[in-house]
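Turn these sequences into a full structure, and let the hints steer you where they fit.
Number 66 marks the last residue of the sequence shown (UniProt numbering); no jumps.
These are calculated hints, taken from the structure and not from any lab test.
Source: prediction; values computed, not measured.
It cannot be assumed that every hint is accurate.
In the BS3-like style, the derived pairs of lysine-lysine whose C-alpha atoms are separated by at most 30 angstroms in a straight line are [unchecked claim]: (1) Lys38 <-> Lys10; (2) Lys10 <-> Lys60; (3) Lys38 <-> Lys60.
Now the in silico label distances, taken between C-beta atoms and shown as ranges [what the hints assert, rightly or not]: (4) Thr49 <-> Ala17: 26 to 32 angstroms; (5) Leu28 <-> Lys60: 22 to 28 angstroms; (6) Ala54 <-> Phe9: 14 to 20 angstroms.
Backbone N, C-alpha and C define an ideal beta-carbon position, used for all residues, glycine too.
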Amino acid sequence: MTSESLRWFKSSYSDGAGGNCLEVSDGLAGVTSVRDSKNLTGPTLAVPTGAFAAFVIRVKSGSLHR
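Structural data, given as structure tokens:
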């Protein structure tokens with residue numbers, strides 16, 4: 001399956017003004033794909049779904065630090 005055939009989702013926080021935004025797809029079993037919304041034909045990052053879910057939980061909780 002190619003990235004063009006996946007269904008992609010953009011954050012509801014994206015205002016459509018061309019800011020930095022990622023899109024994600026859960027169209028592959030066990031994998032969450034991530035791409036730059038400004039480069040739809042560019043590379044994608046494939047992350048195990050469990051690892052991506054854990055990352056999102058940590059982002060939402062504010063527990064990630066620079």
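Comparing the hints with the structure gives:
1. Lys38 <-> Lys10: 11 angstroms, holds
2. Lys10 <-> Lys60: With a Cα-Cα distance of about 17 angstroms, the restraint between Lys10 and Lys60 holds, given a limit of 30 angstroms.
3. Lys38 <-> Lys60: 24 angstroms, holds
4. Thr49 <-> Ala17: 26 to 32 angstroms: 30 angstroms, holds
5. Leu28 <-> Lys60: 22 to 28 angstroms: 23 angstroms, holds
6. Ala54 <-> Phe9: 14 to 20 angstroms: Given a distance of about 19 angstroms, which is inside 14 to 20 angstroms, the answer is holds.
Comparing the model with each earlier hint shows no violations; every hint is respected.
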